[in-house]
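Given two chains presented individually in distinct reference frames, assemble the corresponding complex, making use of the accompanying hints.
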Amino acid sequence: MTGAVGNACLAVGLGAALYAAGAGVYGARSGRREFVTSARWAMYCLAGLLTIAMIMLESAYLRTDLSFKLVAQNSSHETPTFYKLTALWSSQEGSLLLWAFLLSVYSSVVLLVTRRKLREIVPWATAVLGVVAAFFLSLMIVFGQNPFAKLARAPVDGNGLEPLLRHPAMAIHPPMLYSGYVGFAIPFAFAVGALITRRTGADWIRSTRRFALVAWTLLGTGILLGALWSYSELGWGGYWAWDAVENASLMPWLLGTAFIHSVMVQEKRGMLKMWNAGLIMATFTAALIGTFLVRSGILDSIHAFGASTLGVPFLIFIGVVAIGSVVLLVSRRDSLRSEGQLESLLSRETFFLLNNLVLVVLCLVIFWGTFFPLISEAVTGTKQSWGPPMFERWTVPLALLLALLSGIGPLLTWRRASPATVRRALKWPLVATAVALGVMLVVTPAAESVTSLIMFTLIAFVLAAVAQEFLRGASARRVMARESWPAAMASLVRRNRRRYGGYLVHAGIAILFLGVAASSGFHAQKDVSLRPGQSTRIDGYTVTYRRPTAGINSDRGGTGAPISLGAVLDVRRGGDHWTMRPSRNYYKNNDGTGGVFGQYFTGDSTSEVDLRWGLKRDFWMAVQPDTTGLMKPLRELNRRFSNASERTQIAGFVALMEVYRRTAPPAQFRAIVSPMIAWIWIGGAIVLVGTLTALWPTAEARRRRAASLAAARLGRELSRA
Amino acid sequence: MGRAAAAIHSAGVEYALAIVVFGLGVAFLVVRPLLRPAEREAPDQARREQLEAAKEAKYREIRDADLDHRMGKLSDEDHRETDRELRRQAIEILRQLDELAPEEAPGGPEGADARR
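Residue numbers (the numbering used here), protein chains in the order written: chain A, 81 to 801; chain B, 99 to 214.
Same shape as in the complex, but just chain B (with noise of 0.2 Å):
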């Protein structure tokens, strides 16, 4: 076998052996999640956490039309009108949090059986 040819089968094993190694490590980590229970959600957390981000943007919103009402930007009437409509979104979105249910242990049943 020529110098040229033993080069390419090194690099040829060489390459086999990265492949591998990374394959088997990549397929550790991708795997691992699947063979372990699936994480236990409280119910309805997808939705208190949209709401929670909802809530949050509406109370800067509030904020921000007071600010404009301090810096003389919205008249009175305006901002007793716009104040009152973003007050009122804000309810609704209060009352939307209170209708899901009761907010779990965080880390799921689990957590709050342990504590018990």
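Extracted from the complex, chain A is given alone in its bound form (with noise of 0.2 Å):
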């Protein structure tokens, strides 16, 4: 029943979404207005269905309804409940019900919203998300990607969900990834019904500018969560590698981004029409891009889970939204001419324009050096590929003029600023980052990396005119309402939310730069093998090797991990000591190569990282156990118990795991200082906490929507009395 359930959802929800789409052209150009509410209720019909979907789906991996091929590939009778709620979007399938899922109710919520709004745009607005989510959909039905089939004889058990996505920030990673790729499909709609209908004023940003900055919230928050996923989970001690699939999620941020700043100069100054549309046009394709690269894999990545065949169809929808977006754009070029000019190089806008195309520059060069292997194949017949050093050697400069435009940017004002003024606004600011870099010279090794001495510096400045900017509007409030600091301090950030919750966000940013600068220009790493008893020093730390671990269905971080093999340390530096137990995890080999107990050994294992937290530092410890020596008891262990009894088989594994304890092999060992670390993580709370707070609608805004909403009622009741 689940199955026909979630199958006929599909299938009346590729028919609404299909009707939304051209109910939504036909009441625009007919004018029919009850066409268009005709269409917008088909959306709202589509995230009904598609809801139902998603819990079907998730009953049935609930369940282990192994009859479903997605939960055999993915789940299993012994992945952890959480796992297997989460194992949905592990697979192609169930990322593009998840997409199309977001889709509809981003969709129903923005429709819900504008319903009495924007009445020419609105209807081709629905028509666009109509049609995108009748894409996904179609992939889903016409494809072969359905999240329903069913197999012909259910197996005894799945496969289990992939070992290296059993992580708290791996199961929240991907919907987050999904919903800001998804979220700025709204933006998008609401612009190509603006171009079409000639209405390119700043109305269709008023209405979305809500919907790009959720999406550019969601969307950075996944990038973090994925990279915090890889410090802890992938074993290598990183956070960033450079990975086709972690640029491809990377550029439609950095698009975003440039986005939710120059649509504020439309907004005040009528200027950037065209910049804007093409802006967020080129944001919901690198979108598109994101999602084809995790699921295509044409390009080599740590998201090999991920690869599959959707290619083609894929290939095309991203040609037909590009190449369409550029003729619309083309064609509409009388109607995207600025209102105003620049009036001056010192303003706010001008240092906004500057931003965008730094912006714009470092998602070209992460484009460039992400499809390298793919030009240099298709120039050379070689493929060749960008490792992390020539990414840095081009993203670091850009980074740095970044941080420098967004310490300054807030500091001048809209239209013109009189030199006089900037240079007054500059001084402080100016004088705290003299002062800094003189304490990071003379207390700290900071000038040890160059480029990060110039990080910091400039980090400083950021924060500088952030605070000043906050203290001298602080201060006006002060005088103009007799408030006392802190009641001034808030009351300034509740009537000017956006403002103040830009300014937040950069201040984050500039946290987040501060622990990326750091770890990565001082940290310090080893790579050494040790047996128990022998000692080795990192950056000042002694690290001990104390005694192996063993053990069965004990693993601590609740991955459901049946064998887990590990180390217990002792770290010590001065009179600070503490113990540290890194693990690996190892799970059975489904297709039973090893044998009943060398099975365990043949599949795949993660690593199972050891840290501990830090303001200043993170100490990080992974191990690679030496399983050599147990090759030759279980080669007995397979010949005598194969076939015993499932408690005799137990005791086996038991006395295996003593033989590691007591035989106490020589373990290879990861150890990294990274300072700072946690900084990245901080920054980016910061930027969400920005983020809401510009979000969070003024008072004022409140009370036109209460206001609006009881003229409403009023409208109805008085209607039907």
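By construction, these hints were calculated from the structure, which means they are not laboratory data. The beta carbon of each residue, even a glycine, is placed where N, CA and C say it ideally should be. Errors might be hidden in some of the hints.
Stretch by stretch, here's where chain B covers chain A in the computed footprint (C-beta under 8 Å, at least three residues) [said to hold, decoys possible]: (1) 84-90; (2) 117-128; (3) 292-306; (4) 392-406; (5) 493-504.
Here it is, written out as structure tokens:
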């Protein structure tokens, strides 16, 4: 029944999406509002249907209904319940369903919010959203990516969730990332509507600005969660590898960052209309490329578990979106002329434009580096790729420039600023920056890395500029309203949420950059083989391998790993002393290679890092146990107890674990000391707070909304009377 | 008929039934707006909403410029000029709002009729 209901939801949903597209276009062209309303209801129905489909699929995962191909591929009886729930988006089919579901929810919300606004643009936006939803649904129904596909015979047990994905950050990372990608469909659809109807003023931006900001925040959060997963799960100790899929998520985020800045120029000055429309179209195209890359497998990536064969329809759709956008932009260029012009180079809009150019160039550099293997293969016949040093050579100078611009921007005013006021605005931030630079040179080893030193100096400038903005604003309010400092600060932010939320975001990004610059410029790493009792030193720390550990179903991370081999280590530095327990989890090989006992050592294994978090530095440890000593006992166990009772086999595993603990073979360790890495996550949290501040409706908007709701209700009730 | 064939047949029936149920539900909700007379809007309602939003945005700009001036980021002269320009634009928006037909009672003419 679950499969039938799920399939029916997809089929009827496809019909509803196509109808919404058709009714939207007909309503727009004929002027018949009832068709526009009907199209909006079709999108509501789509959201309802896809919600039911999601519930059906999640219920199949929770029940471990192995008659579903997807459940058998990505879950098992032993998969922990939390990871059964998150297994849905580990598969391609489930991800497509999630994409379509999120799009239907976003679309319903935006169409509800704008049902009495933008009368000319909304029908076309509804049609665009309907077409995008129909494309994703057709991938599931027509192109064989059905999440409700059944197996002719259900297996006894499933493959289980890919071990690398059994991590809390990875459970939330894909929905966040997809929410970001999908969210950019909303401003994209309204931009298309605005261009078609030649309503290219700032109205479409005002109605979709919040959606763009939500998408930008969720995508950024998803990227950070991915970095956290890489750092604490992948066992190499880094958080960013310039991997193709990582880059693919960064590109729309960078373009989205440019967009949420440049739309302010259009709102306030009526400028950059063509640029903004082009930017959101490029952002959405980049979001589609991001989805495509993770699902196509055309580029080698650590995300290879997502590889599949959706290439052709996806590429065609991306091509249609990209070419269609360009054609629309060119055909409407006469409606996209600026209403104003730059009055002075010393103005905020000038610096927004510069920031936009840097962000777009950064995105193009990353695009070039990401697709370089394909480009080089097409041109020379040999696949060459850009490694992290190549990416860093190009992106670091651009990041430094971006940091400088994000410090200067808030100090300038719209339209024009006189040199005298700019000098006054720059004075204290520059003094604070000089003091910070002096302290860094004298007290810290920052001078050992010139790039990091420049970045630290620029970060000090950004933070000082933001602090000055808060202080001067609060000071002005104190004079104006005779308030205390805390009250003045609170009312300043409350009355100017967008501006001061934005400044908080700048401070958060600066702090994030601080973590990146410190951890990449000054981290120490050591790979060493140790026997129990042996010690090693790294960056002033003494690490001693006390004893090996081995356990059955004893994984502390709750991943459901059957076997964990690890180590207990003592770490000392001066009077500070603590114990660390890194381990490696071993998962059963589903094809049975290695025999009853050996199959647990021929399947996937994952590093379970132990981390000591700190504001000054993190101490990171991973272990690679040597299992060669277990091969002989494993062969013996396979030979003697393969057909024995389950109890005897468990006793065999217990004995095997004891062999590992007793023989205590040398293990390979990786120790990393990363300074200030925690500030990356703290900076991310500040960005989130800043965005929420900017998103929160002002008291004035709340009053307006309440009045409009009351007016609508009054109208309804009076018309019934 | 074998057990497998029976299962396939049963799944087919369930699927068809679910399509009919969901299809009818969606059709009902989607067709309903087509059967109702279209909502009557006050003339120029969309234009009025756009102008109201533009007015709010312009007021916000005036307040922003005022805050910048109080913070010392905008000189007296620059503030005077910017403020004058922004107020001129705000007045233009207010003039366009005044040119629109007088706002009817919420809910359109029916609402006004009912009130009378």
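Can you give the numbers of the hints that this structure goes against, from lowest to highest? Violated hints: 3 and 4; rest satisfied.
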